[in-house]
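Peer 1: The lines below spell out each chain.
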Amino acid sequence: MLAQLLNEIRTIGTARTDLLARRMGTSEELVKVMLDDLKRRGLLTEVNTGCGDSCQGCQLANSCLPKRKGSRIWQLTSKHR
Amino acid sequence: MTFHTPTQQKIEIRMTDSATRTIALAGQPNMGKSTLFNLLTGLNQHVGNWPGKTVEQRQGSFQFAGHAYQLVDLPGTYSLTANSPEEVIAREYILREKPDLVVAVVSAANLERSLYLVSELICLPVPMVVALNMIDVAEQEGVQVDAAVLQAALGVPVVPMVATKANGVKDLLNEVELVFQGKRILMPRLPEVHDEHRLVIDQVSDLIRPSVPAIYPVEWAATKLLEGDVEMTAQMKSLLLPARWTDVHAILMQHEDAMLSIASGRYAWVERVIRAAVRRPRLGQVSLTDRLDRWATHPVIGLLILAGILGLVFWLTFTMGSPLQEWLDTAVVAPVAGLASGWLSAAPAWLHGLVVDGIIGGVGSVLTFLPVMVIFFASFGLLEDVGYMARAAYVMDNFMHLMGLHGKSFLPLFLGFGCNVPAITGTRVIDAPAARLLTILVAPLVPCAARLGVLAFLAPAFFGRAAALVSWGLILLSLVVLVLSGIVLNRLLFKGERTAFVMEMPLYHLPNPRTIGLLVWQRAVSFIKKAGTVILVMSAAIWALSYFPGGNLETSFLAKLGSLLAPVGGWMGMDWRLTVALLTSFLAKENSVATLGVMFGSGESSGLAQTLAATYSPAAGLAFLVVSLLFIPCAATVAVIRQETGSWRWTLFNIAFMLVLSVGAGVAVYQLAVAVGG
Numbered sequence: 460m461l462a463q464l465l466n467e468i469r470t471i472g473t474a475r476t477d478l479l480a481r482r483m484g485t486s487e488e489l490v491k492v493m494l495d496d497l498k499r500r501g502l503l504t505e506v507n508t509g510c511g512d513s514c515q516g517c518q519l520a521n522s523c524l525p526k527r528k529g530s531r532i533w534q535l536t537s538k539h540r
Numbered sequence: 112m113t114f115h116t117p118t119q120q121k122i123e124i125r126m127t128d129s130a131t132r133t134i135a136l137a138g139q140p141n142m143g144k145s146t147l148f149n150l151l152t153g154l155n156q157h158v159g160n161w162p163g164k165t166v167e168q169r170q171g172s173f174q175f176a177g178h179a180y181q182l183v184d185l186p187g188t189y190s191l192t193a194n195s196p197e198e199v200i201a202r203e204y205i206l207r208e209k210p211d212l213v214v215a216v217v218s219a220a221n222l223e224r225s226l227y228l229v230s231e232l233i234c235l236p237v238p239m240v241v242a243l244n245m246i247d248v249a250e251q252e253g254v255q256v257d258a259a260v261l262q263a264a265l266g267v268p269v270v271p272m273v274a275t276k277a278n279g280v281k282d283l284l285n286e287v288e289l290v291f292q293g294k295r296i297l298m299p300r301l302p303e304v305h306d307e308h309r310l311v312i313d314q315v316s317d318l319i320r321p322s323v324p325a326i327y328p329v330e331w332a333a334t335k336l337l338e339g340d341v342e343m344t345a346q347m348k349s350l351l352l353p354a355r356w357t358d359v360h361a362i363l364m365q366h367e368d369a370m371l372s373i374a375s376g377r378y379a380w381v382e383r384v385i386r387a388a389v390r391r392p393r394l395g396q397v398s399l400t401d402r403l404d405r406w407a408t409h410p411v412i413g414l415l416i417l418a419g420i421l422g423l424v425f426w427l428t429f430t431m432g433s434p435l436q437e438w439l440d441t442a443v444v445a446p447v448a449g450l451a452s453g454w455l456s457a458a459p460a461w462l463h464g465l466v467v468d469g470i471i472g473g474v475g476s477v478l479t480f481l482p483v484m485v486i487f488f489a490s491f492g493l494l495e496d497v498g499y500m501a502r503a504a505y506v507m508d509n510f511m512h513l514m515g516l517h518g519k520s521f522l523p524l525f526l527g528f529g530c531n532v533p534a535i536t537g538t539r540v541i542d543a544p545a546a547r548l549l550t551i552l553v554a555p556l557v558p559c560a561a562r563l564g565v566l567a568f569l570a571p572a573f574f575g576r577a578a579a580l581v582s583w584g585l586i587l588l589s590l591v592v593l594v595l596s597g598i599v600l601n602r603l604l605f606k607g608e609r610t611a612f613v614m615e616m617p618l619y620h621l622p623n624p625r626t627i628g629l630l631v632w633q634r635a636v637s638f639i640k641k642a643g644t645v646i647l648v649m650s651a652a653i654w655a656l657s658y659f660p661g662g663n664l665e666t667s668f669l670a671k672l673g674s675l676l677a678p679v680g681g682w683m684g685m686d687w688r689l690t691v692a693l694l695t696s697f698l699a700k701e702n703s704v705a706t707l708g709v710m711f712g713s714g715e716s717s718g719l720a721q722t723l724a725a726t727y728s729p730a731a732g733l734a735f736l737v738v739s740l741l742f743i744p745c746a747a748t749v750a751v752i753r754q755e756t757g758s759w760r761w762t763l764f765n766i767a768f769m770l771v772l773s774v775g776a777g778v779a780v781y782q783l784a785v786a787v788g789g
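Chains as they are written, first to last, in my numbering: chain A, 460 to 540; chain B, 112 to 789.
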C-alpha cells in the first residue's frame with residue numbers, strides 16, 4: 460500500500476488526502492498515517508505552511524494568513540527516486 | 112463479518128516460575144498508556160532511565176486477584192523498527208526481558224494510527240491483550256468500533272476502556288487473568304508478506320540462522336534486515352562471517368523494494384482490521400465538507416467560486432469600508448489639520464507645513480484606510496477560519512499547473528497576499544534552483560496587503576460605486592500577469608519540472624470570532640505601527656522635498672524630480688505628482704497615498720479622495736492603480752530578493768522586469784481607457 464501511495468502521489472502531482480483514499484479504496488485516516496510513515500522514512504517532507512524562522516521580527520508573523528489550521532501539506536523528497 | 116488471513120500461529124502461555132507476573136505496556140504516544148500505568152500502579156512506581164539511555168523508564172507494581180504484577184511502561188513508539196532510541200528500547204525489552212504479557216494500548220478514536228505498532232507486536236512470541244482505550248472520544252467523533260469483531264480480526268483479546276475515567280480497567284485485568292489461566296486461546300492473525308519477499312525472507316533466514324542471537328526469532332531478524340533496520344543490520348554485519356555478510360548484503364541490495372513492501376503488508380492488515388471492525392458514518396461536518404468540496408475544489412467551478420469570493424470580499428470592503436474611510440478623512444483628519452493649523456498659526460511657516468501638510472497630510476491619509484484594511488483582513492480571516500483558504504490554494508495550484516508554473520510555487524505565492532517578504536523567503540521549500548528563482552521573480556506580482564490597501568483607498572475615489580468591480584478586475588489582472596510572466600520565464604529558465612504534493616483539506620466549520628478578531632487586531636496594530644514609523648519619516652521627508660528650497664510646491668526639489676519623470680508619466684495620463692507618488696512607494700507601498708496626502712494637503716474642506724477624484728480622470732486613475740499593483744517591489748522585498756537569490760544581477764533584473772511590466776501595462780490601460788472613452 461505504501462508503494463501504491465507513493466506511485467499515486469508521483470502520478471497525480473498535486474493530490475488531496477481524501478482523493479488519494481478514494482483512489483486506493485481506503486480511508487483518509489489511513490492515508491494520513493501512511494503519509495506520516497513515508498515522512499519518517501524520509502520519502503516525504505512536511506511543508507511548513509505558516510511563518511517559519513525567516514519571518515522572525517516580522518510584525519505579521521503571528522497573523523500570516525495561510526496558516527491553514529487543520530490542514531497539512533507533504534511533498535516528495537528527492538529520496539523517492 | 113468475516114476476516115481472513117492465511118498466516119496464523121498459536122501463542123502458548125509461558126507459565127512463570129516467579130510469583131510476580133510481568134506486564135509490558137506498549138503503545139504509540141498519546142494513546143493513554145501513561146494514564147493506564149498511573150491508574151494501575153498509583154504510588155507504587157519507580158521512575159529512572161533505561162540502562163545506557165536518556166529515555167525515561169517507569170516501572171510499578173500492583174496486586175490483582177491474589178497475584179502480584181510488575182508493570183513496565185515502555186516508551187511510546189510508532190513501530191518496532193530502530194528509527195529512534197525509544198523504538199529500540201521497546202523491542203529489546205520485549206525480546207530480551209520477555210515479559211509474561213504485553214498490553215497494547217490503542218486509541219479507538221484513531222485505530223488506523225494505533226494498529227501499525229500492533230501489527231508488529233503481534234508477530235513477536237509474547238502473549239498480547241489489546242486495551243481499546245478512548246472509546247468515549249471515538250463515540251463523540253462518530254466512530255463506532257466493534258470490540259468483538261476487532262478481537263476476532265486480531266486473534267487476541269480486546270477490552271474496551273476509558274482510562275481517564277477508569278472505565279474498563281477491571282475488565283482488562285480480568286482478561287489478563289484469563290489469559291494467564293490459559294482460558295483464552297491466542298491465535299494472532301499476522302500481516303501477510305508478498306510471495307516474492309516471503310521467499311527472500313526464507314533465503315536470508317537460512318543465511319543468518321547460525322549467527323542470530325538467541326533472543327531474536329530468526330524470521331523476525333531477517334524481516335528487519337529487509338526493512339533496512341539500522342540496528343539489526345549493524346548487529347548482523349558484526350556477527351556474520353564477512354563472506355556470509357556479503358551474500359546477505361547482495362540479497363538485501365537486490366530487494367530494496369522489500370522495505371516498502373513489508374510495511375505495505377502491515378498497512379493492508381491494518382486496513383482489513385479497520386474495514387471489519389470500524390464504522391465511520393459520514394455525517395454532519397464530514398458529509399457537508401464532501402458536498403461543498405465537490406464544487407469548491409473542482410478545477411473550473413472551483414476557480415469561478417474563488418473569483419466570486421474575491422469579488423464579494425472587495426464588494427464588502429468597499430460597501431462598508433469606503434464610507435468609514437471618507438468619514439475619517441473629512442470628519443477626523445481634516446478637522447485635526449484645521450486645529451493644528453490654528454495652533455501653529457504663529458509658528459514658522461516650515462513648522463506649520465511640516466505638521467499640517469507633512470505629518471497630518473501624509474500619516475493621516477494612510478491611517479484613514481484602517482477601516483478598509485480591517486474589513487479586508489476580517490474577510491480573509493473568516494475564509495481562513497472556516498477552512499476555505501486551503502481549497503483556494505488547491506484550485507490555484509491546479510490552475511498554475513495548467514499555465515505551466517511550478518507546483519511548489521503556489522505555497523510561497525499564496526503567502527504573498529499577506530506580504531511579499533515571507534513569500535520570497537518561503538521559496539526555500541523549492542529544491543530546484545531554477546524553479547525557486549522563477550518563483551522569487553514572480554512573487555512580487557502577488558498583490559500584498561499594503562498594495563491592496565492602496566487599491567482599497569484610491570479605487571472608490573476614482574470609480575465610486577464601481578470601485579469593487581474595478582478592484583476585483585485589477586486583482587485578477589495582477590494574477591493573469593503573474594501567470595503569463597510565469598509561463599514566459601518558465602520557458603526561458605526551466606523545462607516545466609513538476610514536484611508532487613499532497614494536501615489535507617480541513618473540515619469546514621463555523622468561524623471562531625476570537626480567532627478572527629485576534630488576526631484583525633494584530634494586523635491593525637502592525638499597520639498603525641508602520642504608519643507611526645516608516646510612513647511618518649517618509650511623509651516628513653517628502654514634505655521637506657516638496658517645501659524646499661522656496662516654500663512652493665511647483666518649484667520644489669520634488670517638482671524638479673517629478674518633471675524629470677513627467678514624460679514617462681505622460682504616456683499613462685499621470686502628472687508629476689502621481690509619478691512621484693509611485694516612486695515613493697518604493698520604501699513602503701502605502702507611501703504613495705501618504706505622498707499624495709502631503710502634496711494635496713490634508714484638505715481643509717474636502718478629503719484627499721475627493722480632491723484626487725476632482726483632479727484626475729478615471730483613465731489616469733486606472734493607469735495609476737495598475738502601475739501601483741505591478742510596480743517595483745518595496746525596499747524590504749528587494750532586500751530579501753537579494754538575500755535569497757544571492758545575486759545583484761537577478762535583483763536588478765527583477766526591478767527592471769517589474770518596471771517595464773508596470774509601465775507597459777499602465778500605458779496600455781490608459782491608452783485603451785482613453786480610446787474607449789475614459
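If you're looking for bench data, these hints aren't it; they were derived computationally from the structure.
Quick caveat, the model's predicted, so the values are computed rather than measured.
Glycine included, each C-beta is placed from N, C-alpha and C at the ideal position.
Treat the hints with care, since some could be wrong.
[Unchecked claim] Which residues of chain A face chain B? A few of them, derived with a C-beta cut under 8 Å, are:
1) Met460
2) Leu461
3) Asn466
4) Thr473
5) Leu479
6) Leu489
7) Asp496
Peer 1: Hint by hint, say whether it matches the structure.
Peer 2: Going down the list of hints, with the structure as the test:
1. Of the supplied interface hints, the one on Met460 (chain A) holds, with its beta-carbon coming within about 4 Å of a beta-carbon of chain B, less than 8 Å.
2. The interface hint given for Leu461 (chain A) is met, as the beta carbon of that residue sits about 5 Å from the closest beta carbon of chain B, less than 8 Å.
3. Here the hint on Asn466 (chain A) is broken, as its CB sits about 10 Å from the closest CB of chain B, past 8 Å.
4. The interface hint given for Thr473 (chain A) is met, as the beta carbon of that residue sits about 5 Å from the closest beta carbon of chain B, less than 8 Å.
5. Annotation: Leu479 (chain A) was flagged as interfacial toward chain B, and the flag holds, the nearest CB pair being 7 Å apart, inside 8 Å.
6. Among the interface hints, the one on Leu489 (chain A) holds; its C-beta lies about 4 Å from the nearest C-beta in chain B, closer than the 8 Å criterion.
7. Contact between Asp496 (chain A) and chain B, as hinted, is supported at the beta carbon level, the nearest pair being about 7 Å apart and thus within 8 Å.
Violation of the numbered hints given earlier is confined to hint 3; every other hint is satisfied by the structure.
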